[in-house]
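Colleague: So the sequence lines, in the order shown, correspond to chains L and U. Residue numbers for the first sequence, in our numbering: 73 to 418. Residue numbers for the second sequence, in our numbering: -15 to 180.
There's no promise every hint is true.
Here chain L is said to cover these stretches of chain U; the calculated rule only asks that three of the stretch's residues, wherever they fall, bring their Cβ under 8 Å from a Cβ of chain L [claimed, not checked]:
{"#": "1", "stretch": "47 to 53"}
{"#": "2", "stretch": "114 to 122"}
{"#": "3", "stretch": "164 to 177"}
Computed beta-carbon distance windows for the label pairs [what the hints assert, rightly or not]:
{"#": "4", "chain 1": "U", "residue 1": "S25", "chain 2": "L", "residue 2": "P262", "range": "42 to 52 Å"}
{"#": "5", "chain 1": "U", "residue 1": "M71", "chain 2": "L", "residue 2": "T258", "range": "54 to 64 Å"}
{"#": "6", "chain 1": "U", "residue 1": "M69", "chain 2": "L", "residue 2": "M400", "range": "35 to 45 Å"}
Calculated from the model, a selection of chain L residues having no Cβ within reach of chain U, i.e. all distances over 12 Å [claimed, not checked]:
{"#": "7", "residue": "A107"}
{"#": "8", "residue": "K178"}
{"#": "9", "residue": "C237"}
{"#": "10", "residue": "P269"}
{"#": "11", "residue": "D273"}
{"#": "12", "residue": "L328"}
{"#": "13", "residue": "Q353"}
{"#": "14", "residue": "T356"}
{"#": "15", "residue": "P389"}
No wet-lab data here; the hints were simulated from the structure. Glycine included, each C-beta is placed from N, C-alpha and C at the ideal position.
Now for the letters of each chain:
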Amino acid sequence: MSARVRAAGVVLAMCWIGAVHASSRALDASPGAPARLAETGLYAAGSSGPAAPGVRSFTPQYPLWSDGAAKSRWIYLPPGTSIDTTDPANWIFPVGTRFWKEFRFKGRKVETRFIWRAAPEQWVFASYAWNAGGTDAVLAPADGVPGAADIAPGRSHTIPGTGDCQACHGTRHPGPLGFNALQLSTDRDPQAIHGEPLAADSITLATLAAERRLSPARPEWIAAPPRIRTDNPRTRAVLGYFAANCGTCHNHNGDLTYRGPSLKHNDLGDGDAVARALLAQATTWQVPGRPDGSTRMLDAFTPDASAILVRMRSRQPSTQMPPLGTVMRDEEAIAAVTAWLGDLKR
Amino acid sequence: MKHNRKTTTVVVLGMAVFSAAMLRAVGQTGQDPAPSAQQKSARVERGAHLVKTMGCNDCHTPWKLGPRGPEPDMTRALTGHPQEMVMPPPPPAVGPWVWHGAATNTAFAGPWGVSFTKNLTPDPETGLGRWTEEMFVAAMRTGRDQGKGRPIKPPMPVQIIAALPDEDIKSIFAYLQSLAPVKNKVPETIDPEEKR
């Protein structure tokens, strides 16, 4: 295939993708997202930092892989409100709650994502693109911004469109993904993959409990902070990684037709049981080149037949996992899962 | 009279609590209340019309050569690429011929790799039998499998279906779910440069 023909083909595919995005733009607009980040309440009036009063930082113990971006996260809970923790798996945030996540590549602020429960039945999802000087950020187009930052040769970061925001955040239980009991537990995993130190001003489960921000209060989370129980520290770290990177979709909430073990944060209490279930689970998706029906989610004796590992290694659009939000393989996580499979042989 | 007033109060309060519970459920899950039998029937009828007129059979029903030329084989309606038809590697792209289609119009090769049309019947293992209406609507809106997964590849005209109102997309789903399930395992899509 000549370079010209290949280029024409790519243009054709891009046109198709563009048409899809243009269409979803009309339907997925986020009414109510302010035009500038400075208007969302993140910063004190008239500034681009530090955070406004009432805006608190938090640091999930198992970060989502975002192609190596450095990230900062904040939450604002309206005064006098609390988070409904009746269902520990799906916290309900009070109207007025706002979340922000700032992404930096090579030290430069690139985008800040914004999630806002604007009304009882309205969540606003938006992203703000920073200018080159890092002095101001404006609302990104609803179909996203490809090429927002070069992150590796031939690879660039895309600011997601609202369709992709909603693909992860928006259906049955709209809201944030990294703000839950496991992620905010005070029993933090010292081997968490890409784990970040807990800043002194970061809120935790203990902070939320002390400030009476949980309803019901859940004293059991203070007496015995949530953790993935196992004697193998690698099991804990890898399952924590899966909670952040896979469990949002691969659970039993009914978001997908998925039938494997739930990887949602609140379903990982018995880490060894989850590991055994992953080893036993056949998958619909088959590893290319292997006999039909032989693929398992994890295969300790034949790692290359492990769907999870093969899909983590891929960055082909139909194969890669997670399927969106990343264009770079997470080599540290791949190494950790590979080493963990060695443990599971024993 | 006193008794009636008390009864009325209880009924009104009960309705208020029920309505509040329904609103809360809808608000938290994004799901609509279940449609009535009449709504279901109307949706199936509307969905049948949309499927017929929007060209779903053009690709999701394998084509055959009939007495008047190529035509969709309606004995296999909406079952997707036939599982017994194992496709050889696609021919190389030459000049302006950058994509190719199978004789059945159910497999396509191009810069996006190779795509096979899905079995849209409600077979639980090989079709849409385990899909929910919510997944179907999300898939059409986001252009992603089940609304969350891999991108749905060309030539599926997601952009056209995404322009429909929710009610029409739900109608299409209702019609597809009303079909008899047919077991037909369609191959996985193939990314460019991947050898299988």
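Colleague: Taking the hints in turn, state whether each one holds.
Modeller: Comparing the hints with the structure gives:
Coverage of the stretch 47 to 53 of chain U by chain L is violated. Counting CB-CB distances below 8 Å, 0 residues qualify, and the rule asks for three or more. Coverage of a stretch by a chain is defined here by at least three residues with a beta carbon nearer than 8 Å to that chain's beta carbons; for the stretch 114 to 122 of chain U and chain L the count is 6, and the condition holds. Only when three residues or more bring their CB closer than 8 Å to a CB of chain L does the claim for the stretch 164 to 177 of chain U stand; here the count is 6, and the claim holds. A C-beta distance of roughly 59 Å is found between S25(U) and P262(L), which places it outside the suggested range of 42 to 52 Å.
Between M71(U) and T258(L) the beta carbon distance is about 55 Å. The supplied range of 54 to 64 Å therefore holds. Distance hint check: the CB atoms of M69(U) and M400(L) are about 37 Å apart, consistent with the given range 35 to 45 Å. For A107(L), the requirement that its beta carbon stay farther than 12 Å from each beta carbon of chain U is met, with the minimum near 25 Å. With a least beta-carbon separation of about 28 Å from chain U, K178(L) lies farther than 12 Å from that chain, consistent with its non-interface assignment.
The claim that C237(L) is not at the interface with chain U is violated, since a C-beta of that chain comes within 12 Å of its own (minimum 10 Å). Taking the minimum C-beta to C-beta distance to chain U, about 32 Å, the non-interface status of P269(L) holds against the 12 Å cut. In this structure D273(L) is separated from chain U by more than 12 Å, as the shortest Cβ-Cβ distance comes to about 31 Å. Non-interface status of L328(L) relative to chain U is broken: a Cβ of that chain comes within 12 Å, the nearest being about 5 Å off.
For Q353(L), the shortest C-beta to C-beta distance to chain U comes to about 16 Å, beyond the 12 Å cut-off, and the non-interface label holds. The Cβ of T356(L) does not lie farther than 12 Å from every Cβ of chain U; its closest approach is about 8 Å, which violates its non-interface assignment. Look at P389(L): its CB is around 5 Å from the nearest CB on chain U, not clear of 12 Å, so calling it non-interface is violated.
Checked against the numbered hints given earlier, the structure breaks hints 1, 4, 9, 12, 14, 15 and satisfies all the rest.
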